[in-house]
Amino acid sequence: MAAKRPGIPPLVIIALAWIAGMVLIALLAETIRPYGITAMDLRSRLQPPIFFGGHMNHIFGTDELGRDVTSRLIVSIRISLLIAIGATVIAAVFGTTMGFLAAHFRGWVEQIVLMLIDFQASMPFLILALSVLAFFGNALGLFIVLMGLYGWERHARISRGLAIAANAQGYAAAVRQLGARPMRIYLGHVLPNIASTLIVSATLSFPEVVLLESGLSFLGLGVQPPMTSLGNMVGYGREYLTRAPWILLAPSSVIVMTTLAVSLVGDWLRDRLDPTLG
Amino acid sequence: MKLTRRTLLATTLLPRVAIAQADQRPSVTVAVQKIANTGVLEPLREQSSNVSERWVASILETPIARNQQGKLERVPGIASAWRRISPTTVELSLRPDVRFHNGDVLTAEDVAFSYGAHMFAANLPADIPQIAKRHFPALERVEIVDARTVRIVNKTPDLTLEGRLSAGGREIVSQRSWMERGDWAANAKSPCGTGPYRLNRFKPDSELVLDSHDMYWGGRPKLKSVRFVEVPEVASRIAGLRAGEFDFACDIPPDQIGEIERVPGLKVQGGLVTNHRIVVFDKNHPVLANPKIRLAMAHAVDCQAIVDSLWAGRARVPAGLQFDFYGDMLVKGWTVPAYDPALARALLREANYQGGEIIYRARNNYYTAETATAQILVEFWRAVGLNIRLEVKENWPQVLDKAGPRGVRDWSNSAVFDDPVSSLVNQHGPNGAQQTNGEWSNAEMNTLSVELESGTDPARRQEVFARMLQICEREDPAYIVLHQNAVFTGHKASLPWTQPPSFFMDFHGAWGA
Amino acid sequence: MLRYLALRLARAAFTIVLVVTFAFVVLRLSGDPALIIMSPEAPEEAIQAFRHAWGLDQPIWIQYLDYFGAIAQGNLGVSFRDGRPALQLVAERIPATLLLTIPALMLKICVGIPAGIHAALHRNSLTDRLVMAAAVAGFTVPSFVLGLLLVLLFAVQLGWLPSGGQESWRSMILPVITLGFGGAGVLARFTRSAMLEVLGQPYIRTALAKGVPWQRVVRGHALPNAAIPTVTIIGFMVGSLIAGAVVVESVFSWPGVGRLLVVSVSNRDLAVVQCILLLVASTMVISNLIVDLLYGVLDPRLRAGASGGH
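Residue numbers (this note's numbering), protein chains in the order written: chain A, 1 to 278; chain B, 279 to 791; chain C, 792 to 1101.
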């Protein structure tokens, strides 16, 4: 095993910079976008990006309604980041809590949690998404909660399994014998030890949420117009994959790059957090 | 009904297929977005939507046909001639040589059955007679004069009977085939008609394969078989066409025409169809109750810009809710409200519009370019100061849902036959969906609808129609006409096929020079 | 053990009932099958007649009781659109879907897991970076984009493979790759992470210090402990064998259960949707049951009824 290297590897620095950039874009979205997301110009539809025959005023070209792709991309980053972070946090917190509850109490609490896990896993997400859209319309907050429901069962199962295993390990029993309350044991001891797997799980959540979003857009159930998001741009842009690929490629590239960055940072964080490595 | 004697006649006359000659005719594969909405092949259930219109006339025929190689004017079909006996009665003379797919000869009994038990029997699924009643609102009886002559008798005078007899839902089916099979669901999936192609197999939501009906009265069909495959994704249909797997790809959006045509060996044909895209109002909405506001919304929309941008100029803004083939019934000089944002703003001021929110419900590309059109409309309306909120809904019940404020919604209007009764009255009259949904109503319009349906003086009917347009599009707007729809089909350039002015994929008359 | 199984089966039954009930309520309240199937231009009387014929005008709790009563007698309902029993419709489509999802699962496991292990054993090397980059590429590209790109390349440009449909064995290739690619990436990352965690444990170092051969350490200690989270993920993947290919089936016009689910949900063809859900829920609970039993094999502490919690 390699000795732990001091400092931050250059690749991770780039990744951090990218993530910081995305967050900055998300925060400043309304200020830096050149056009409104619904500002359409029906005479300049499907303009290519700047180095492919396009104009300076539309760096990434325009879409099928003549709207500026750059502006829509910027606002989409904000919306998708909001959704992904919110959903990941909800899924991780909710899932891990449920997993811990199941591991701690066993008995019928565990049975109920496991039943909810199975329910979540068996219910095609299509139906859940459809119900939110039908009963609550296109509200962003509810959409985030809906996305948060996706994947919590994975967090719950993993944290339950690992918490049970950790409970049986020496340190947990020792700390318990010293009189520590369960909450302290879980938060202070169990959580850090299973943190690495949870971090990986969380870093997977970001792209999964965005992908889920595009899958839902494909089925017509995702973020609805006039709101825009990365998944929404990819979903509606697929029809123009050959005619005007920039509509789909711009958001797709952002998704891939951001996920790569999040994964790299996540791996690095995991390495740092894991006291046993090195 | 002497079934046994007819059966005997039919089987003895059935030609033994000469295997000596190899069948050199081509077969084609057609990629469509959807084969059948309801999962069956029965027009009374499927109701001649743009989906089923692709193949119905290949299998089942109406007594009076429409010229798919012309302007859809009425021409002889399996009825070689028709005569108007009285304001309530039309007499049809059937051709002597028409064979069903099971070999039976068409007789007046089949016509009587098709408009009788096939539509109104007690043991049919409950919705069928209701739909049939919409097709023939006042049918009294079908009289068999002799084996080749039949009279359609209406209870009330009806100048549109000929039109009805040429429209979807009024196809003739084989009585023997229906009675023998017995079960409606089984029959609905195995239609036995007189069309140039017969059913080989049908896998709902997957494929529909038709074989040539060699004894077709109109001459031996030019193709050996036609296979419709359901390919829901546009990109997949185009990819399959480019890869050579499909001979035809239907439902091509206008933006993709260039993509197909720049591939050597492929071309796109397209044209207008008898279908208009509209948005309809709910005048119970507190803001929309004032007709000036609705008229303002009509003046705020630049329909030509929508046609030029989303439809590459290949659709068209019609003269109000009218269709060219109305012929003499056309109200000449009538137009949609002109694009005039200043006038729209003035109307809003007159109506004292205070900024109340209007909900606009649309679906996610149920109609071609629906989502794009909806977003464009929202911008036009916002530009004149209206507060519009777009809500994209998943299905029709959610669009029509009375719970929650209804404002404007998307729709389309087809002319089933060449008279305003089939479009304006059908959808916006007293029994039309817009009124039965509780969205709009107008007392004068309703009285005029009744007069239009049963009137006999053509000049008076045209006057009535003009007045109805005035009401529905200016005085108490029920809808805004956006544009006439066009349909585009991509296909291998080498295939000798011409697109008819409808959704019908005609593989008989339209095939060959 | 028997008690454990009985408990699991009871829980499984409850889950399935919960799934079907949820869908039942949601689908009925968010759309009227009669209006959707009949089309909005249909006469009001026809829509009412259709509703009445199918019992859709009854109060929802009566429909619910009728439905479960019918299930108790083995009748899973009839499709509104087709007229045939829902079970028959679904059963027809299952082989087509399995033809995609099972090979895809094999692909995910056979490519993903070895890649993850290899990456873990050569942490921070070029191989590790490449594998992880490929994994990320795999699961960040939406399946319909990947599918369409593959079709454009292999069907349109090269003409080697069909663009869709279910004609021959060659029609399977592109959909299976599309389905499997993303999952392989997910498995690779999970496996790598689980392996790394285990490899850092003290007992691994102890074993190595004691002179146990590297391969034995990996096989005997690292893999079984890393297996737990990995097996969990695979369990979920197995559970989605039936309805997990919705998007891919749409892109490739593959006549499977996923397509049927989408069409039936949008048409509110309730019997068919509920039949599919029953199947999916059953598959998922069985798969999770097997995973739980495997937990017991892999780590005795997790075994059924083991205390150790309090």
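No lab work stands behind these hints: they were computed from the structure. Accuracy of the hints is not assured; some may be wrong.
Label pairs and their calculated CB-CB ranges [claimed, not checked]: (1) B:394 - A:39: 27 to 35 Å; (2) C:860 - B:770: 51 to 59 Å; (3) A:20 - C:801: 21 to 29 Å; (4) C:921 - A:39: 49 to 57 Å; (5) C:863 - A:184: 19 to 27 Å; (6) A:39 - B:395: 57 to 65 Å; (7) B:363 - C:860: 39 to 47 Å; (8) B:637 - A:50: 55 to 63 Å; (9) C:944 - B:637: 43 to 51 Å; (10) B:681 - A:9: 54 to 62 Å.
Keep in mind the model is a prediction, meaning the values are calculated, not measured. Glycine included, C-beta positions come from ideal geometry on N, C-alpha and C.
Now the hints, each set against the structure:
1. With their beta carbons about 60 Å apart, residue 394 (chain B) and residue 39 (chain A) fall outside the hinted range of 27 to 35 Å.
2. Residue 860 (chain C) and residue 770 (chain B) have their C-beta atoms about 55 Å apart, which keeps the hinted 51 to 59 Å range intact.
3. Distance hint check: the CB atoms of residue 20 (chain A) and residue 801 (chain C) are about 51 Å apart, inconsistent with the given range 21 to 29 Å.
4. Taken as a hint, the range 49 to 57 Å is violated for the pair residue 921 (chain C) and residue 39 (chain A), whose Cβ atoms sit roughly 43 Å apart.
5. A hinted range of 19 to 27 Å is violated for the C-beta pair residue 863 (chain C) and residue 184 (chain A), which are about 50 Å apart.
6. The hinted window of 57 to 65 Å between residue 39 (chain A) and residue 395 (chain B) holds, with their beta carbons roughly 60 Å apart.
7. Checked against the hint of 39 to 47 Å, the pair residue 363 (chain B) and residue 860 (chain C) fails, with Cβ atoms roughly 56 Å apart.
8. A C-beta distance of roughly 39 Å is found between residue 637 (chain B) and residue 50 (chain A), which places it outside the suggested range of 55 to 63 Å.
9. For the pair residue 944 (chain C) and residue 637 (chain B), the beta carbons lie near 44 Å from each other, so the given range of 43 to 51 Å is met.
10. Range check, residue 681 (chain B) to residue 9 (chain A): Cβ separation about 57 Å, and the 54 to 62 Å hint holds.
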